[in-house]
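Build the full structure now, drawing on both the sequences and the hints.
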Amino acid sequence: MGGYAVFVWPSYALTALVLWLNWYLPRKQHEKALRQLKRRRKVDKK
Amino acid sequence: MFLWFHKLGSPPHFYRIAGKWIPWLSWIFLMLLLAGLYGGLIEAPPDYQQGESYRIIFVHVPAAWMSLFIYVVMAFCGAVIIVWRMKLAEVVLISSAPIGASFTFLALVTGSLWGKPMWGTYWVWDARLTSELILLFLYLGIIGLHNAIEDKRVASRAVAILALVGVVNIPIIHYSVEWWHSLHQGATVTKFDKPSIHWSMLIPLLLMALAFQVYYVLALFQKCRVELLQRERNSKWVEEL
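Residue numbers (my numbering), protein chains in the order written: chain S, 1 to 46; chain V, 1 to 241.
Calculated directly from the structure, the hints in this document are not laboratory data.
Errors might be hidden in some of the hints.
Stated by the list, open to error - Here are the simulated SDA-like cross-link-like pairs (lysine to any residue), alpha carbons at most 20 Å apart as the crow flies:
id, chain 1, residue 1, chain 2, residue 2
1, V, K116, S, M1
2, V, K20, S, W23
3, S, K38, V, V238
4, S, K45, V, E240
5, V, K20, S, L34
6, S, K32, V, E240
7, V, K20, S, E31
8, S, K28, V, E232
9, S, K28, V, W21
10, V, K87, V, V73
11, S, K42, V, W237
12, S, K32, V, P12
13, S, K32, V, Y15
14, V, K20, S, A33
15, V, K116, S, L21
16, S, K32, V, R16
17, S, K38, V, V73
Structure below.
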């Protein structure tokens with residue numbers, strides 16, 4: 001990277017990390033929300 | 001057309017459609033991303049002035065464009081909320097906020113990492129950088145305000161107004177490099193003239209911009225689905241999931 005690697009790669013790495021988080025966290029939240037719904041339905045049936 | 005729009009605006013329909021689109025959008029995003037990275041990091045030659053450091057452009061500029069674009073989407077949703085009280089617009093507005101904040105943060109940090117080798121400093125308080133920082137605070141303000149109000153529908157109206165007021169910052173950011181003396185360079189792509197950037201750099205740049213655009217829709221759909229589930233947890237369609 002012609003001496004600029006310390007600036008270029010962190011830029012790309014940080015972008016990858018932030019985009020990944022914005023993709024991963026909602027997925028986790030979605031699973032959690034569905035699980036809660038299921039649990040609530042079970043409680044309602046009893 | 002109107003009927004289609006109306007149908008799309010209904011939470012259960014949107015929830016289902018978004019779920020169907022997510023895998024497709026993921027693949028399109030990945031392919032655009034790989035093509036853009038290949039073009040930007042391998043095919044494109046080094047810049048005659050900035051050497052290899054300019055390669056930051058392929059993440060910096062698309063992130064900065066997205067930071068503006070997402071805010072405009074949110075302001076548009078704000079207008080829709082105030083005029084029609086459309087539920088889906090409320091969900092899209094608040095789901096966009098963290099994504100927009102992320103892109104703004106990335107534009108600032110990658111710009112800073114580009115500024116150090118080229119300008120000799122990570123940060124200056126000039127018009128472009130300061131107005132972009134204000135944009136980050138607007139995003140954070142919208143998220144904070146939304147979290148502070150218990151009733152989601154009231155919260156949505158409050159953030160709609162904030163989003164609409166803040167949109168005045170968008171043209172300021174775009175024209176800041178013309179209106180004030182700035183360390184930041186002027187526009188090379190988004191101007192009426194022919195872009196003053198060589199096609200070998202322009203094509204990967206546009207590919208990355210398109211990839212980020214698809215990514216936004218993808219991330220937005222995922223976030224919207226969660227938000228919809230939480231808001232509508234007592235409604236019939238969620239019960240039937």
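Please verify whether K28 of chain S and E232 of chain V have alpha carbons no more than 20 Å apart. Measuring from Cα to Cα gives roughly 18 Å; hence the hint holds.
Compare the distance between the alpha carbons of K116 of chain V and M1 of chain S with 20 Å, and conclude whether the hinted pair is satisfied. Within the cut-off at roughly 15 Å; holds.
Tell me if the straight-line CA distance from K116 of chain V to L21 of chain S falls inside 20 Å. 26 Å, violated
CA of K32 of chain S to CA of Y15 of chain V, is that 20 Å or under? Satisfied, since the Cα-Cα distance of roughly 16 Å is no more than 20 Å.
Within a Cα-Cα threshold of 20 Å, do K20 of chain V and W23 of chain S meet the stated pairing? Since the Cα atoms of K20 of chain V and W23 of chain S sit roughly 16 Å apart, the hinted pair holds (cutoff 20 Å).
Does K32 of chain S pair with R16 of chain V here, judged by a C-alpha cut-off of 20 Å? 18 Å, holds
20 Å limit on alpha-carbon distance, applied to hinted pair K32 of chain S and E240 of chain V: 17 Å, holds
Satisfaction of hint between W237 of chain V and K42 of chain S, Cα-Cα up to 20 Å: Distance ~17 Å between K42 of chain S and W237 of chain V Cα, so the pair holds.
Pair hint K20 of chain V and E31 of chain S, alpha-carbon separation not exceeding 20 Å: 16 Å, holds
Quick one, are K87 of chain V and V73 of chain V close enough, alpha carbons at most 20 Å? 15 Å, holds
Straight-line alpha-carbon gap K28 of chain S to W21 of chain V, limit 20 Å: 18 Å, holds
Given hint V73 of chain V paired with K38 of chain S - CA-CA distance at most 20 Å: 34 Å, violated
Checked against the numbered hints given earlier, this structure breaks hints 15 and 17; the rest are met.
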